[in-house]
Every structure is written in C-alpha cells, then in structure tokens.
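The whole structure should be built from the sequences, with the hints applied where relevant.
Number of protein chains: 2
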Amino acid sequence: MNYYSEQDIRQIVADVISRSGLSAGKEMEIPVEISARHIHLSRADKEALFGAGYILTRKRDLSQPGQYLCEERVKLVTATGEIANVAVLGPERKETQVELSLTDARILGLKPPVRLSGDLQNAADVIIVGPRGVITAEGSVIVAKAHVHMTPADAQKYGVEHGQSVSIRIGKERSVTLNDVQVRVSKDFALAVHIDYDEANAARVSGGNIVGYLRKDG
Amino acid sequence: MNYYSEQDIRQIVADVISRSGLSAGKEMEIPVEISARHIHLSRADKEALFGAGYILTRKRDLSQPGQYLCEERVKLVTATGEIANVAVLGPERKETQVELSLTDARILGLKPPVRLSGDLQNAADVIIVGPRGVITAEGSVIVAKAHVHMTPADAQKYGVEHGQSVSIRIGKERSVTLNDVQVRVSKDFALAVHIDYDEANAARVSGGNIVGYLRKDG
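As they're listed, the protein sequences go chains A and B. With numbering that gives the first Met the number 0, letter number 141 in the first sequence gets 140, and the count goes up by one each step, no holes. With numbering that gives the first Met the number 0, letter number 93 in the second sequence gets 92, and the count goes up by one each step, no holes.
Hints should not be assumed to be uniformly reliable.
Claimed, not checked - So, partial list: chain B residues that the calculated Cβ filter (under 8 Å) puts toward chain A:
id: 1; residue: E5
id: 2; residue: I8
id: 3; residue: V15
id: 4; residue: V76
id: 5; residue: E91
id: 6; residue: L101
id: 7; residue: A201
Unchecked claim - Result set (DSBU-like, lysine-lysine): computed pairs, CA atoms no more than 35 Å apart in a straight line:
id: 8; chain 1: B; residue 1: K186; chain 2: A; residue 2: K58
id: 9; chain 1: B; residue 1: K110; chain 2: A; residue 2: K74
id: 10; chain 1: B; residue 1: K215; chain 2: B; residue 2: K25
Claimed, not checked - Computed spacing ranges between beta-carbons, pair by pair:
id: 11; chain 1: B; residue 1: S4; chain 2: A; residue 2: Q120; range: 53 to 59 Å
id: 12; chain 1: B; residue 1: S116; chain 2: A; residue 2: D187; range: 44 to 50 Å
id: 13; chain 1: B; residue 1: G65; chain 2: A; residue 2: Y67; range: 53 to 59 Å
id: 14; chain 1: B; residue 1: K58; chain 2: A; residue 2: G162; range: 45 to 51 Å
id: 15; chain 1: A; residue 1: R57; chain 2: B; residue 2: T56; range: 35 to 41 Å
id: 16; chain 1: A; residue 1: I106; chain 2: B; residue 2: R57; range: 51 to 57 Å
I should point out that these hints are in silico values taken from the structure, not numbers from a laboratory. The beta-carbon is built from N, C-alpha and C at its ideal position, and this holds for glycine as well.
Printed below as a string of structure tokens:
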C-alpha cells in the first residue's frame with residue numbers, strides 16, 4: 000500500500016480531471032457562417048419549375064466544396080403568406096429541401112422541425128413557384144439545425160468526432176451559446192459553423208469573418 | 000507525513016474541483032416572456048401622432064405591474080422600408096422609445112444598439128406615422144437587451160443582485176443560452192425574463208409558459 004501526501008493527492012485529482020475531458024471552459028476559435036433561406040431541388044422538381052432539360056446557372060461557389068449559389072430564384076407560397084426571391088443552391092439533390100428560418104416559417108404559417116440537412120422526417124409542405132411551373136413540395140421544409148463542417152484533420156485538432164454535439168459561443172454585444180451544434184466530419188468539407196439568421200440576430204453577428212468559440216459539452 | 004482518511008480525500012477533491020473553476024452548472028427555473036416590437040411614447044409625441052389631449056386606450060394589462068398594451072397602433076418608416084401595426088404601450092414615458100428585433104431593424108435598414116429600456120445612447124432614428132400626424136423620432140430605436148425583472152424577494156431566492164449579469168438557458172429542440180442577461184430588481188416588478196423574437200426563434204420557443212434556467216455566471 001502506498002501513502003500519499005496531500006500534494007500527491009492534489010496532483011492525482013488534477014490529473015484525473017484533466018483526462019476526464021472536463022474543462023474549466025476551454026474554448027477554441029472557429030469560423031462561423033450565416034446561411035440565408037434557400038432551396039435544394041431534385042432533378043424532377045427543377046424541370047417542373049424551370050422546364051424540361053433546364054440547367055441551373057452557377058452564380059458563385061459557396062464555402063463547402065462543390066456547393067454553389069445559382070442565378071435562379073423561386074417563390075414560396077402558402078395559404079397565409081409568400082416569400083419571393085428564394086435562393087436556389089446547386090448541385091441537384093435526390094430530394095427537394097427548403098431551409099427556412101423560424102422567422103420565415105412564421106410568415107408562411109408553417110411549423111417545420113429543426114433538422115440536419117438531408118433529414119426530412121416530418122418536414123413541412125410548401126408550394127414552390129418557378130418561371131415555368133408550380134409544384135407542391137410535400138415534406139420538404141426544415142429549419143436547419145446548427146452544425147459544424149470539418150475535415151478529419153480539423154476534428155483531430157478540436158478533439159471531436161462526427162456526430163458529436165458541441166456548443167458554440169458567438170456575439171459580443173449580445174453573447175449567445177448554441178448548446179447543441181452537431182459536428183459533421185468529411186474530407187470534402189471546409190471548416191465552418193453554419194447558423195441561420197435567427198441565431199445570427201439573437202447574437203447580433205452579421206457579415207463575414209464571424210468568430211465563434213467551440214466548447215466540448217461535458 | 001500525514002495519512003488521509005477517505006473523508007479527508009473527498010474534501011481535498013472537492014476543494015481542487017472548486018478551485019479549478021469547474022462548476023456543476025446549478026440552474027434554477029425561471030419564467031420567460033417574449034416581447035414583440037413595440038413603442039413607448041412621450042406625451043408630446045403622443046399628441047403629435049394622435050392629436051392634442053388624446054388619451055391612449057388600454058387594451059390589456061401586461062405582466063409588469065402598471066404597464067399595458069393600447070388599442071392604438073403606429074407605422075414605422077425609413078428610406079428602405081416600413082413596418083405597420085406597431086403596438087403602443089402605456090403609460091406615457093419621459094422619452095419616446097422604439098423597441099425592435101434585429102430582424103425588424105434589417106427591414107428598416109437601421110442598426111440600433113442593444114440596450115436596456117431607458118438607455119437611448121446612440122439609439123437610431125425612425126419616422127413614426129400616426130392617424131393625425133408624423134414625427135421623426137431621433138435617437139429612439141433600440142434592440143432590447145435581454146433582462147430579468149424580479150422583486151427583492153425573488154433576488155434573494157435566486158441569490159442575485161440588481162445590475163448583475165446572469166445566463167438564461169431556453170429551448171429544447173434548439174437549446175440556446177443567453178450569456179449576458181441583466182438582473183433588474185424592484186418591488187414593482189413581476190418575475191419574468193424578457194427576450195425578443197430573434198432570441199425566441201433562435202431557441203424555438205413560443206407562446207406562453209416558457210421555462211428558462213437561470214445560472215449565475217462564475
């Protein structure tokens with residue numbers, strides 16, 4: 000049996016705490032981007048809205064490799080409201096997906112669920128109006144759940160894993176912590192936290208070069 | 000050399016943890032209310048908008064004693080946009096004050112500061128249109144800083160003081176912590192955290208009976 004001094008014990012406790020992943024609020028800087036309302040279209044829906052064989056026009060690349068903003072715009076319509084000039088993102092996807100803020104959803108009288116992109120469970124319905132046609136996009140509308148895109152190297156640097164939940168603190172004049180931000184890891188991603196305009200406004204952040212602070216939840 | 004009992008060691012561990020800045024995150028429930036955009040009018044501005052000697056019509060009482068929603072509505076106008084049907088609150092105040100969300104401010108092209116009610120330093124300008132007149136309300140527009148109203152008895156219960164900053168966690172599907180919520184203590188207050196619609200939407204809370212969790216910042 001060993002006998003430990005108080006100093007030994009203090010050292011052991013500090014060591015256990017440091018290995019436990021608990022932290023006294025250690026935060027690491029991370030870039031943050033704001034996503035405005037937008038829509039991804041399936042090939043069939045794109046053709047229904049813009050015409051058979053239509054090809055979307057790339058306007059500019061987005062931060063995530065391969066993703067781009069198109070010149071085309073559509074209008075969203077419900078019984079209670081409409082929102083014009085909604086951005087179309089490329090490339091096409093398997094399923095049409097409309098990403099709105101809750102502020103937008105209120106205008107349209109919709110109650111979409113908060114979901115990661117690609118998860119359309121219980122997603123809301125909306126009518127989409129294009130220059131050549133109108134469709135009812137059933138189960139297409141979500142509010143994007145805040146998430147972080149990163150490469151495997153980034154994940155190692157931040158000490159996090161794909162699917163993990165972290166918290167992100169943003170804003171100075173109005174500091175807000177988003178408590179359940181999902182980590183998405185892929186070699187095809189570029190490092191960025193994606194939030195929507197409600198989250199940005201709640202923290203009074205805008206424009207480019209927004210810095211957030213990532214913290215691993217205990 | 001000393002030999003420590005289990006109880007001694009437990010005490011040492013608790014001591015190390017407490018010095019490490021770690022916290023078990025003790026939170027206390029607190030009711031939360033969402034404030035929509037509204038305006039408080041000075042007597043002179045009220046008369047300019049509604050006519051000499053006009054008396055505002057009480058529609059219903061608000062949660063804070065003495066405050067009430069009026070039947071009257073006004074329109075806000077700037078070079079870039081307008082918002083109609085803005086609620087007027089009573090009673091009159093010494094200075095006209097317009098409280099908007101940042102979403103509203105974007106519609107009007109304004110960049111108001113985030114301020115506690117009554118603090119109009121660097122507040123933005125807006126044109127207010129009433130049924131009998133139009134005024135330019137200079138230095139009147141703010142975005143309300145999130146705050147907690149409480150009585151001295153509440154303050155004692157929560158262990159906080161007037162002017163102190165606390166954090167408030169709200170939302171389930173989308174959990175957000177507002178990090179710098181100001182405590183306002185007065186015997187004339189009723190217990191409630193006041194947030195605006197941007198903060199509510201960022202946390203996906205709405206309607207009545209919203210529960211928040213107050214935590215004293217370290």
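Structure versus earlier hints, numbers of those that do not hold, lowest first: Checked against the structure, the hints that fail are numbers 1, 4, 5, 8, 15, 16, while the rest are satisfied.
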